[in-house]
Amino acid sequence: MSQSFEEISAQLKKRHRRSARMKWLTMGALILSAAFLVVFISDMVVRGWPAFQQAQIQVDVTYNEQSKEIPLAAVSEEFRPLVSRGFFRILPLRMEDNPALMGTTKTQWVIADSPVDQYLKGNKNELSSSQRNVVDKLVKQGRAELKFNTTFFTTGDSKMPELAGIAAAAIGTMMTMLVTMAVCFPIGVMTAVYLEEFAPDNKLTQIIEININNLAAVPSILFGLLGLAIYISFFGVPRSSPLVGGLTLALMTLPVIIISTRAALRSVPDSIRHAAFGVGCSRWQVVRDHVLPVSLPGILTGSIIGLAQAMGETAPLIIVGMVAFIPEASMTLTDASTVMPAQIFTWASQPEAAFAEKTAGGILVLLAVLIFLNALAVWLRNKFERRW
Amino acid sequence: MSTNIVFLLFCAVLVGLGGVAFVLSRAKASRVRASGTLMHAQPDQYGWFAVLTTAGPALLVSALGAFALLLLGAEIPVLYLLAAGLIIAALGLVLGLKQVRPDFHARRAIESVIRKLLAAAATISILTTLGILISIVGEAISFFQLHSFWDFVTGTTWNPGASFLSAAGRGDEGGSAAQFGSVPLFAGTFMITLIAMLVAIPFGLGAAIYMVEFAPLTVRKAAKPVLEVLAGIPTVVYGVFAALTVAPLVVDIAGLFGLDASYSNALAPGLVMGIMIIPFISSLSDDVINSVPSSLREGALALGITKGEMVRNVVVPAAAPGIISASLLAVSRALGETMIVVMAAGMRPNLTANPLEDMTTVTVSIVAALTGDQEFGSAQTLSAFALGLVLFIVTLTLNIVSVIMIRRFREKYRVNNL
Amino acid sequence: MNDTTLQNFQTADETSSTSPDAGRESQSDAPTPDKGQPVTHNENIEENLSVRVRDLSLWYGNHQALSDINIDIFANTVTALIGPSGCGKSTFLRCLNRMNDLINTVSIKGLVEMDGHDVNARGMDEVALRRRVGMVFQKPNPFPKSIYENVAYAPRMHDMVSRKADQDELVERALRDAGLWNEVKDKLHEPGTSLSGGQQQRLCIARAIAVQPDVILMDEPTSALDPISTATIEDLMDKLKQDFTIVTVTHNMQQAARVADYTAFFHLGEMIEYNATKQMFSNPHTKKAEDYITGRYG
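One line per chain: the protein sequences are A, B and C, in this order.
Take 1 as the starting number for the first sequence in full-length UniProt numbering and just add one per residue.
Take 1 as the starting number for the second sequence in full-length UniProt numbering and just add one per residue.
Take 1 as the starting number for the third sequence in full-length UniProt numbering and just add one per residue.
Take the hints with a grain of salt, since some may be wrong.
[Said to hold, decoys possible] Cross-link-like lysine to aspartate or glutamate pairs, in silico, DMTMM-like; alpha carbons within 25 Å at most:
1) C/Lys109 / C/Asp55
2) B/Lys28 / B/Glu111
3) A/Lys13 / C/Asp115
4) C/Lys109 / B/Glu298
5) A/Lys14 / C/Asp118
6) B/Lys116 / A/Asp201
7) C/Lys164 / C/Glu149
8) A/Lys23 / B/Asp44
9) B/Lys28 / B/Asp44
10) B/Lys221 / C/Asp101
11) A/Lys13 / B/Glu298
12) A/Lys106 / A/Glu77
13) C/Lys241 / C/Asp115
14) B/Lys116 / B/Asp103
15) A/Lys23 / C/Asp101
16) B/Lys412 / C/Glu183
17) B/Lys307 / C/Asp101
18) A/Lys14 / C/Asp159
[Claimed, not checked] For the chain C half of the interface with chain B, some residues (derived, Cβ under 7 Å), not all of them:
19) Val127
20) Arg130
21) Arg131
22) Asn141
23) Phe143
24) Pro144
25) Ala154
26) Met157
27) Val161
28) Val211
Worth flagging that the hints you see were computed from the coordinates, not collected in a lab.
Don't be surprised by glycine CBs; every beta carbon is placed ideally from N, CA and C.
This is chain A alone, in the form it adopts within the complex (with noise of 0.2 Å):
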């Protein structure tokens, strides 16, 4: 009545075939997908990673009255042009407060000119070429090289490339996490916990979950449009602030954090709360005591990768301007203040390369920090972890 084994598996062979195919075809979308993953952190990688390495040459430095009235008399008229110009500001200023210097001629190494860096680094530049030869002579004789770059971890933002760092913004993006967290973390936590453990199921609270769903889609450009008429202008929450930035991140988070925590929550099994009640613990003794414990670590795995994410965050600050050009970083919540993400924008807007290689850099430091916070996010995740 029915072929046989061979007869069937004859047939099947096309169809294996094709089986096979879709196999390998999704298989290729994955690696793909990875492979994208591997270009575009290794392009990133070798666009930033000179943005860890300074060119400084060593020369001599003249202190004295004509320098501090000039300081570019300081230093020798074929070494000038070579040596960045954010350091003959700072001159007069070192002198006044170290008068012992008055009157020695030191040789230090200093910050060279972006071009130099860029010559160095095997650049374009616009060094004319008596400059290069000049720089060539340098570096043979082991008087300029390219050293580890302190400078852009411990400045703000710069005209000059050379004096360019990332200190500033990281500062920025500390107060408006700061605030964000403030925020809303505890009116997340505070709203999931109302939802899973105290909300009648009525309309209302019925509402207030698809809202939620909905705001976790809403483009987060539009939390800026927000930001700026509410906060900045109705509230006159001062505009750049990271005040100002930090509640629109705040609102934007918050969706984030209410799912997560829910999910935490809804983890822990009704056994423990029936367990609870029945040892006659009031709703909130249940919460607070047994159920709000167990699912802390799945709580705090929400809110960092809700931090992560706001971290990340651009759009809206652009809008509440958060773009600002910050040299100096500021403590307050109030004063003009920039983010990491809003500092790499402002970088890859200018012209030159070497501002090309500061925005690479800056992505390389912000991707390790959010790295590690997805990390920590894991690690906590599978140390706390509980199967019920």
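Fit chains B and C to the given chain A structure using the hints.
Just chains B and C, lined up with the frame of chain A:
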């Protein structure tokens, strides 16, 4: 005294009063209990209740006062306000102490306050949505009072720059008046979203199918974190990648075929946005495909169907509502994505079907309108809110449709599993 | 043909005697009766043998779920597998069409032979095997397609039909054979999930017989159904055995007694006794089977 010090002093006194309230009430309750009377609550709970009656009304009054002071411009001297707050706190303390009676349910009172606090927190999310709506709708209405809604929806020229001149009373010198025809912006947005979806849906769905249906457990375990990292990269970083790496590459490759591409072509941001959305689609589809009941897979395999046929004819159709729902959410994300297009797409409104030309999007125009040195009330800034309103409505609709579809999927399989 | 089987079986039964250590024998083509092989295969009934299982053992990781199963399944009969839950009867059933392949940690030793081929052999295509060994599951699992498509899908994939008319005819025949035609003939294009549970299960049976397999495996096909649907499906099994070999797992001993020609009793991964149903229920050879059948455990 500066306001900061006054404020700190106020807080310190309030905390002090709270502490006093706690200690006194607890001591009183302990005394009552020690005397042998049965009480409805623990001494600690009476203590906490007294803290609530002390600090709660005082804080509320001060907050309301501050609100009136800052927003309504009421002339209340700060010192009076704070003094009033402290007096209320002292009254509250007395009241709290009075309530330390055996027949008073201190615990129940505390819990009802906590419950109300939690409910208040939950309404903040509603207030946020209302805030978005009010801020956007309000400004959008002001915009439509200046410019016709019909021109906004059907006009094909977006030229807000001229409004600056007319605002300065030099409208005639600029030649043409400002024009706010949003069609080219939406066309550009649509084009870039389309390119992104053409990348993201096949790759994201393919990766999800492979991970659920074909991959060995080890591959699955290794691939998930990779996709999570891809999803966690900030959009500004993708923007840099699109502008510095992909856009020149597109120009070079187009050059090989003798095509002329702009450096701010629509293809580069579209492609990079697609890459950005891959993990989004793959993780959502992964969940959906995983939740297709395995009995369907077994049913198909038991008929002598190959695995590929099973995936294509049984699993994917069963998961289709969920996959469509994920794709709609992805479209909504692509429409609202800002940084990639701000950095890599053009600024020139351009109505074209050629992805190698530069074109601009809604989000780019919003950013452009709000980052200039414009007065807040000018037509150009207001136009950003009008665009924002449209964006909000479109994304909201997409989200709602997607939620309905995914709900249908869930219900279907709960029923089907019997 | 049925008569011959039964007749032959009687002979087989007389020569067989089962014991708790049944099936511990190493594989041999001609098992000796005195060593307690459950049902000897008889030279005379070779052509009626559908599936031959010898020394089949199965492990989930390190846990052994089946040990040394020996069984002969005869064509055009209903064979019931009974035993307490967790005894391995479903696992054994899924060995017959290699559904256990879907679980990564499974390892299998021993012979499952069908049509002269070792089912577990390297060269055996499990898809071809499943084409000849169909399966009906515990819970009805119709595809999220129309009733018509549920039945027509697999035959179309197998190129069994080329013209639309052939396909219509095949669908009608399968639905008639499954006793569902009269109930669904006016709503063939409604989704399969819109039917009642019992109808869904018969749809799954129609889907299985539409590909015209040799053997149909049924894994507790009525456990999720109401008594009336159960009776319908039991009648159906009785009818279907004219064309197919049916192996069914059941929790319900009355069901085994009603529908099965042969019954195998499993306990803790071993097959304790395999016998004609009448024999099994009136005079089981082993104490364990007797205790189970009389309801002392399980």
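For the pair we were handed, C/Lys109 and C/Asp55, check the Cα-Cα distance against 25 Å.
Holds: C/Lys109 and C/Asp55 sit about 8 Å apart, inside 25 Å.
Hinted pair, alpha-carbon criterion (25 Å max): B/Lys221, C/Asp101. Please report holds or violated.
Between B/Lys221 and C/Asp101 the Cα gap is close to 21 Å, so the pair holds against 25 Å.
Given C/Val211 as an interface hint, is its Cβ closer than 7 Å to any Cβ of chain B?
Cβ of C/Val211 sits 6 Å from chain B, so the hint holds.
Given hint C/Asp159 paired with A/Lys14 - CA-CA distance at most 25 Å
It holds: about 12 Å lies between the C-alpha atoms, which stays within 25 Å.
Check whether the Cα positions of C/Lys109 and B/Glu298 lie no farther apart than 25 Å.
Holds, at about 23 Å.
Holds or violated: C/Ala154 as interface residue toward chain B, Cβ cutoff 7 Å?
With Cβ-Cβ at 4 Å, under 7 Å, it holds.
Does the CB of C/Asn141 sit less than 7 Å away from some CB of chain B?
4 Å, holds
Measure nothing beyond the straight line between the CA atoms of A/Lys23 and C/Asp101; if it is 25 Å or shorter, mark the hint as holding.
17 Å, holds
C/Lys241 and C/Asp115 were given as a pair; does the straight-line alpha-carbon distance stay at or below 25 Å?
The hint holds at about 18 Å.
With the threshold set at 25 Å, check whether the alpha-carbon distance from B/Lys28 to B/Asp44 stays at or below it.
11 Å, holds
Check whether the Cα positions of C/Lys164 and C/Glu149 lie no farther apart than 25 Å.
Judged against 25 Å, a Cα distance of about 12 Å means the pair holds.
Given C/Arg130 as an interface hint, is its Cβ closer than 7 Å to any Cβ of chain B?
4 Å, holds
Hint check: violations occur at hints 8, 27; the rest are consistent with the structure.
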